[in-house]
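*Asks:* Chains H and B, in that order, give the protein sequences.
Each residue of the first sequence is one higher than the one before, counting from 1 in my numbering.
Each residue of the second sequence is one higher than the one before, counting from 1001 in my numbering.
I should point out that these hints are in silico values taken from the structure, not numbers from a laboratory.
One or more hints might be untrue.
Distance windows between CB atoms, simulated [unchecked claim]:
| # | chain 1 | residue 1 | chain 2 | residue 2 | range |
| --- | --- | --- | --- | --- | --- |
| 1 | H | Ala-593 | B | Ser-1084 | 28 to 34 Å |
| 2 | B | Glu-1104 | H | Pro-641 | 27 to 33 Å |
| 3 | H | Gly-476 | B | Arg-1088 | 48 to 54 Å |
| 4 | B | Gln-1092 | H | Glu-164 | 23 to 29 Å |
| 5 | B | Ser-1084 | H | Ser-181 | 52 to 58 Å |
| 6 | B | Glu-1069 | H | Ser-106 | 57 to 63 Å |
| 7 | B | Arg-1074 | H | Asp-653 | 27 to 33 Å |
Distance condition first, Cα-Cα at most 27 Å in a straight line; then the derived DSSO-like pairs of lysine-lysine [unchecked claim]:
| # | chain 1 | residue 1 | chain 2 | residue 2 |
| --- | --- | --- | --- | --- |
| 8 | B | Lys-1101 | H | Lys-423 |
| 9 | H | Lys-500 | H | Lys-201 |
| 10 | H | Lys-273 | H | Lys-240 |
| 11 | H | Lys-673 | B | Lys-1070 |
| 12 | H | Lys-423 | H | Lys-451 |
| 13 | H | Lys-651 | H | Lys-500 |
| 14 | H | Lys-756 | H | Lys-740 |
| 15 | H | Lys-451 | H | Lys-240 |
| 16 | H | Lys-740 | B | Lys-1101 |
Yeah, the Cβ is synthetic: ideal placement off N, Cα and C, and Gly gets one too.
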Amino acid sequence: MLSRYIIPNEVRDRGRIAVRLIWNQGAGFSFRPEGFYGREEELASLLRVCREGKSGVGASIMIFGPPNVGKTSILLKLKHDLQSLTEGTDPPRPFPFYFSFSKILSHPLALSQHFLQEFLWQTLVFLGESPPAAFDAEAMCERLSSFGLTDCRDLLIAHRRFSERGDGLSALVSAISFPFSTGGGIFYPVFLFDDFQYTSKLQGIPDGAILSILRPYIKSGHFPIIISGSSPGHVTSSLKREGLFGTFQLVEVGGLSRHASEALWASLFERRKIEMPVHIQKRAAARLGHVPIYQRMFAEEVSFRSAQVTDEIGFENLYALSITEGQLNRYWREFFENSFPDRLDRARAIKFLKRLVCDRFPLDTFEGALSLLGTSPEDGVRILSALEFKGLLKSDFEQLRFIDDPVLADFLYWAFERGVSGKGSSQVAAAMVQAKLARSAPGEEEIEREKLLATAKELMRRWDCREVPMMLFRFGSFMERFGGKGLLEVVIGMEREPQKMRLPKISSVSTGYRTRRRGPRLDFDLVAYGFLDAEFSEDNLVIWAVDVNGEQTLTAMAVEHFENRCRLLSLEMGLKVRQFQKWILFEGGVDPAALELSSRYDILLTHRSQMRIFLNLFGMEEIGVQAEERKPPETPKGPEPLEFELVLPMKADTEVVAARVAEEVAAYASLDKDSVDRIKMALIEACINAFEHSGAESGKVRLRYVLSPDKIELFVQDEGKGFRAGRTDESRRNRGWGLKLIRELVDDVEIITGEKGTIVRMVKFLDTGKEKEGAGSPGPE
Amino acid sequence: MSYLTVRTRNAGDALVVYIDGYLNSLMGEEVERVVQDSLDAGGRKFLLNFEGTRLINSIGISIIIDIVEKLMERNGMLAFCALSRINRELFQMTGVARYVKVFEREEEALGHIGPSA
């Protein structure tokens, strides 16, 4: 049903741009990339994940969000971009395989058949073959075999055998596993699975079976897999069962950015010759939650009624008209009619949602939801799971969260007033306009805050009994050490930082925690609980209360207020001091009094800039980091050299971290790929030498990366007795390449052995004049 | 304890070994073991595919050299494919490239070591 609204059915023939992406049961539709707006951030990180597949590194991502918000468009745009960006590049090229589970194919045999045909067909199209005229799997196999895909025929035979036996599960296993073995040197598959929630509705197949089939491929970490679905609740619980929860990165899709939704207005209005003052456009975009589908429908409404919107009142009237009897009304009415065919269920669901979405009734537990529904438990569970399936309810294990959609809220208001109070549409519309004119739209700040919150949530989900330097939590000491430089510092196992924080394995992070329904309302932005040492005993239980402060300055009053709520919670739960962690994330500055108070109350303070180091530590730098933030704030080629430090524990493979950091540092200098690769290799060798030959007591190797306008200097310092370049016993295994390689890889090497240990200094000169040319195409040897 | 496994594929009578990730001692030894097992079972043709190799260290190179030597002793055939620029340079610097044919693509390499003997 998604396609019906977002993507026009008629194939607009705009030459080559109109890409026919999907072919299924005759219901093909087109996706027009030029009609796609915004989502730069999401797309950039998804693209990166997909392209990493080339080196056999695949990450798994789950996209979720309300119905029709544009998840499918993101996948299709990703498919389009991935193909156009990699056209003509060296093989293997990414082959984005898009598959939607939403088709009404609840029988596993039908699904597996469809899956196979779809895969074969898309593969042929990808390889530049003209698509076959009929749905002939045999013929498609025939053609594919000329590309070296020879296992295909065996697969079809096996599939026929399963079909004859009626063995749906085996058929699914063989069909879904097949794409993972394809590609060879020509392509590598990138999986874009859409409408994944439907996989729970297969006949006679246990819930989560598809994930079980995918499990080894997800675990192998070789395949980029992107799963999209309306609600994460159902899928995340399956993921947890499969032990895959930690491997998935969650991306929530909401409305567009302000900028993108305004661009969308411009194109919609231009096509329909609608004129609307710019300030009303802005207001209208915010009122519609920046959701593209609403914007399209509203534009249609305006042009259908050949109305002109000149002022605020005009807009509000037209909007109210649309939501009470026009396009927006029809959209949600059909949605509810499809989701709840039973009238009584529908009425209950609407009444229930109205109180939550429209009146913002505070509710986040299943028990609370059931009692508010006022039905028998069976009916209640049925209604709730239908809401969840449709993406109106997000359950994060035991916590519930409902969709926050301004248009839905207004629709629910209309449905409620009409159904329960028996008011006429025009009455409702009038009331709505009056209320709306008095209220204003949510600001950008709120959106930023939400983002920070989501990042913190994802972070907490990822820490798994890891040790993190306390300094990262203590804003005071952090400022002291790094405040002066104001640079991105990567800290791993900091020296002279004896205090470390053991981060528990977090079992649950939820939003808006409240103790008991009738007790005092302790409203935190995030509450998490977890267990230290991954042992689920009461003694190891740790509770985190987190607040995100979006104000310009964190005041003493805000800290005091937070502390009060924490005390209540801690009393309520009977927690010991060490079992309770209090954490405030803030965006702006800190009042000195607030800093002092928080250190007295033992509240951890973290600034947004510190968060980035966390992100790096947990390997998720792309989340919440905007594109412009990734660029250096000022040109790094100023007179002052930039200095980065890293301390490595002497453990196997930690040299990879050094290489990774080098990559990030080099990004500051916009170094070309070749130089970066050379620096990385040289560093790896220097680290290994330090580990192997130093015999150091401290078990640490200290690295410094110094970036000047004309060169990058790397210092690798151990505390041992020094390189023994001529030692012969190590050539036992043809070893001893290390130093030789370093000399080849960088421009200058110096080994300084002193009392404090050995320092290897490596220099790579930056060819400032020519580096731009070198970056793109590798020149001759 | 090692959960590290090396991906392999039989292509005709040749064994393609995919070196994914970080070629260090651990990975190198695993590759060596896979090659040794195949040699013991009568395999003679090997292709190391470096397409997924993100990093290589000197110990990894040493082990590759061991493999090269072993195969030369036993009259085996060995080719590399899909080397990134830096990895190709590394093999040149260490002299490995003199003993092993390097190809861009897997099919190309298989075409070379496949048909003859």
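*Asks:* Does each hint fit the structure? Answer for all of them.
*Replies:* These are the hints, each one checked on the structure:
Checked against the hint of 28 to 34 Å, the C-beta distance between Ala-593(H) and Ser-1084(B) comes to roughly 55 Å, which is inconsistent with it. About 40 Å separates the C-beta atoms of Glu-1104(B) and Pro-641(H), a value inconsistent with the hinted range of 27 to 33 Å. Roughly 50 Å separates the CB atoms of Gly-476(H) and Arg-1088(B), a value that falls within the hinted 48 to 54 Å. Between Gln-1092(B) and Glu-164(H) the beta carbon distance is about 56 Å. The supplied range of 23 to 29 Å is therefore violated.
In this structure the hint that Ser-1084(B) and Ser-181(H) lie 52 to 58 Å apart at CB is violated, the actual value being about 24 Å. The hinted range of 57 to 63 Å is satisfied by Glu-1069(B) and Ser-106(H), whose Cβ atoms lie roughly 59 Å apart. At roughly 32 Å, the beta-carbon separation of Arg-1074(B) and Asp-653(H) lies within the given 27 to 33 Å, and the hint holds. Straight-line distance between C-alpha atoms of Lys-1101(B) and Lys-423(H) comes to about 82 Å, which puts the hinted pair past the 27 Å bound.
At most 27 Å may separate the alpha-carbon atoms for a hinted pair to count; Lys-500(H) and Lys-201(H) exceed this at roughly 47 Å. At most 27 Å may separate the alpha-carbon atoms for a hinted pair to count; Lys-273(H) and Lys-240(H) exceed this at roughly 51 Å. For the proposed pair Lys-673(H) and Lys-1070(B), the alpha carbon gap of about 34 Å is over 27 Å, so the pair is violated. Restraint check: the Cα-Cα separation between Lys-423(H) and Lys-451(H) comes to about 39 Å, which exceeds 27 Å; the hinted pair is violated.
For a cut-off of 27 Å, the pair hint linking Lys-651(H) to Lys-500(H) stands: about 18 Å separates their Cα positions. Using a Cα cut-off of 27 Å, the hinted pair Lys-756(H) and Lys-740(H) holds, with the two alpha carbons roughly 24 Å apart. For the suggested pair Lys-451(H) and Lys-240(H), the alpha carbons sit about 24 Å apart, so the restraint of at most 27 Å is met. A threshold of 27 Å between alpha carbons decides the hint, and for Lys-740(H) with Lys-1101(B) the separation of about 23 Å falls inside it, so the pair holds.
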